[in-house]
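Novice: This is what each chain is made of:
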Amino acid sequence: MSRLTMAFLGALILFLLGFLLVLLDGTTAAEPTYAGPLTRLTRLPRASFSAGWLEPPVPAYRDAAEEVFPGMRPINYQDFVHAR
Amino acid sequence: MPGSAFINFLFLLIARHRVRHLAIFIISILVVFLVGTVMMVTESLRRDMQRTLDDQADVVIQRIRAGKVVDLPTDWVYGLSEIEGVTAALPRVFGRYFHEPNGTHFLVVGVDPFDSQAAASLQELVDGLDLREFLGGDNMVVGPAVRRFLTENHYGNEYIFKTPDSRSVPVRVLDVFSHESGLLSADLVVMNQGLARRVLGMEPEMATDIALLVPNELEWDGVMAKAIARHYDIRVVLKRELATAYENLFNYQGGVFLLLYAVALATFLLILYQRYSMITGSDRREIGILRAVGWSIRDVIALKMAESLVVAVAAYLAGIILSYVYVFVLDAPLLREVFLGFGNLPQDTSLSHTLNPGLLGLLFLLFILPYSATVLVPVWRVAVVEPVEAMK
Numbered sequence: 001m002s003r004l005t006m007a008f009l010g011a012l013i014l015f016l017l018g019f020l021l022v023l024l025d026g027t028t029a030a031e032p033t034y035a036g037p038l039t040r041l042t043r044l045p046r047a048s049f050s051a052g053w054l055e056p057p058v059p060a061y062r063d064a065a066e067e068v069f070p071g072m073r074p075i076n077y078q079d080f081v082h083a084r
Numbered sequence: 001m002p003g004s005a006f007i008n009f010l011f012l013l014i015a016r017h018r019v020r021h022l023a024i025f026i027i028s029i030l031v032v033f034l035v036g037t038v039m040m041v042t043e044s045l046r047r048d049m050q051r052t053l054d055d056q057a058d059v060v061i062q063r064i065r066a067g068k069v070v071d072l073p074t075d076w077v078y079g080l081s082e083i084e085g086v087t088a089a090l091p092r093v094f095g096r097y098f099h100e101p102n103g104t105h106f107l108v109v110g111v112d113p114f115d116s117q118a119a120a121s122l123q124e125l126v127d128g129l130d131l132r133e134f135l136g137g138d139n140m141v142v143g144p145a146v147r148r149f150l151t152e153n154h155y156g157n158e159y160i161f162k163t164p165d166s167r168s169v170p171v172r173v174l175d176v177f178s179h180e181s182g183l184l185s186a187d188l189v190v191m192n193q194g195l196a197r198r199v200l201g202m203e204p205e206m207a208t209d210i211a212l213l214v215p216n217e218l219e220w221d222g223v224m225a226k227a228i229a230r231h232y233d234i235r236v237v238l239k240r241e242l243a244t245a246y247e248n249l250f251n252y253q254g255g256v257f258l259l260l261y262a263v264a265l266a267t268f269l270l271i272l273y274q275r276y277s278m279i280t281g282s283d284r285r286e287i288g289i290l291r292a293v294g295w296s297i298r299d300v301i302a303l304k305m306a307e308s309l310v311v312a313v314a315a316y317l318a319g320i321i322l323s324y325v326y327v328f329v330l331d332a333p334l335l336r337e338v339f340l341g342f343g344n345l346p347q348d349t350s351l352s353h354t355l356n357p358g359l360l361g362l363l364f365l366l367f368i369l370p371y372s373a374t375v376l377v378p379v380w381r382v383a384v385v386e387p388v389e390a391m392k
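Top to bottom, those sequences are chains A and B.
As numbered in my numbering, the first sequence has no gaps in its residue numbers, which increase by one up to the final residue, 84.
As numbered in my numbering, the second sequence has no gaps in its residue numbers, which increase by one up to the final residue, 392.
Among these hints, one or two may not hold up.
[Claimed, not checked] To be clear about the criterion: a stretch of chain B counts as covered by chain A if any three or more of its residues have a C-beta under 8 Å from a C-beta of chain A, and this derived list gives those stretches: (1) 43-52; (2) 55-61; (3) 78-86; (4) 89-95.
Bear in mind the hints are in silico, worked out from the structure with no lab data behind them.
It should be emphasised that the depicted structure is a prediction, and the values quoted were computed from it without experimental measurement.
In this text, a Cβ means the ideal position worked out from N, Cα and C, and glycines have one as well.
Build out the structure end to end from the sequences listed, making use of the hints.
Specialist: What follows is the structure, given as structure tokens:
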């Protein structure tokens with residue numbers, strides 16, 4: 001094999017090794033231990049409001065339900081669960 | 001199996017066309033990086049959410065009046081805990097406390113002094129916490145973002161809450177939740193239930209809602225029906241509805257990015273098609289010589305496909321490695337704010353390391369298959385050129 005081929009194969013093997021390391025680290029990393037105790041303490045689904053998964057990434061998406069019906073819950077499918 | 005001569009010639013070709021391949025390599029890395037980071041952040045948050053779901057209340061009872069969630073009496077727990085299948089009924093006291101000058105919210109959660117599971121969890125989370133001292137006085141344990149907020153605003157170890165009935169309640173910061181738990185505890189303020197009621201302006205024998213533990217999932221609907229039969233003005237939330245809501249939410253956020261990926265990928269494939277369709281005179285001569293020395297059309301296509309696939313696979317591997325470093329080593333700057341929100345207290349928590357090999361496989365297929373399909377047609381058009389025509 002030529003030196004050029006060896007250089008290319010070496011680079012490809014390095015990429016592959018890096019990928020395997022990432023895969024190994026990602027699949028065998030220790031799970032965080034805080035989630036269970038924190039949830040048993042608060043019994044709340046999402047304790048932190050700062051971690052706003054419900055906060056829309058685009059502000060314009062925010063609906064105006066709170067402004068239109070001040071302090072009221074917008075009607076959603078949970079109301080039909082209640083009605084059941 | 002291609003021989004070493006084929007491989008030598010393949011890499012020689014790649015080196016010869018290095019400018020063209022380098023441009024495609026860099027754009028390919030960017031495309032894989034874009035979707036790889038979104039997949040990793042979403043997967044990490046989804047896993048964290050699923051971990052919390054295991055310890056969630058199975059059924060939550062809320063009281064609804066005039067379309068609003070209102071406090072309910074704690075003595076409801078006696079009736080609700082008698083329902084068959086319910087192993088525990090726990091009144092929850094929690095609410096948002098608004099700090100007006102900065103426009104930020106704390107999440108105030110009251111801990112029942114008689115809830116042994118909650119006490120054990122608190123002890124597990126905060127090393128060396130004196131529970132007797134914590135529950136006995138006006139003390140609180142706060143999340144890392146709250147601690148930083150208090151320090152930055154010179155509050156020290158005491159914060160004075162203003163209650164809705166215009167009283168001041170000074171509360172001492174006894175300890176802080178760990179930085180690692182910031183995803184769930186950033187703006188959390190935990191105190192005993194009596195103190196939480198005072199801070200939130202609740203009546204002494206009232207609770208925000210009631211959490212029911214029902215280990216057998218098959219009994220959830222029955223418990224819900226019996227709870228509604230006892231109290232007509234309630235809303236019942238089941239754990240599986242919560243799980244569905246989270247799933248939909250992540251699918252929505254991830255979906256927006258995947259849509260962007262689809263657009264970026266389509267544009268990239270168009271560029272790729274154009275790039276491989278441009279046959280230069282030297283390309284034609286190269287193919288012509290190969291055909292003249294006895295290479296079949298199939299051999300030429302195999303060579304050209306291998307040339308582009310080496311670049312694509314290398315770009316895929318490099319893109320995934322870069323995504324992983326960006327998300328889990330650098331903690332996904334910018335992208336993390338998009339997923340975690342930036343409206344309330346700023347947080348600098350780390351995402352938990354997790355990787356789904358299935359998603360990586362899916363990304364490989366979503367990238368390599370369209371890539372190969374796009375390259376195949378121009379390569380075939382080059383390969384079928386007659387040797388005599390090519391060398392003219």
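Novice: Next step is simple, just say for each hint if it's right about the structure.
Specialist: Hints and how they fare:
Only when three residues or more bring their CB closer than 8 Å to a CB of chain A does the claim for the region 43-52 of chain B stand; here the count is 5, and the claim holds. For the region 55-61 of chain B, the proposed coverage by chain A is satisfied: 3 residues have a C-beta within less than 8 Å of a C-beta in that chain, meeting the threshold of three. With 0 residues bearing a CB less than 8 Å from a CB of chain A, the region 78-86 of chain B misses the requirement of three and the coverage assertion fails. Remark: the region 89-95 of chain B is confirmed as covered by chain A, as 3 of its residues place a Cβ nearer than 8 Å to a Cβ of that chain, reaching the required three.
When held up to the earlier numbered hints, the structure conflicts with hint 3 and nothing else.
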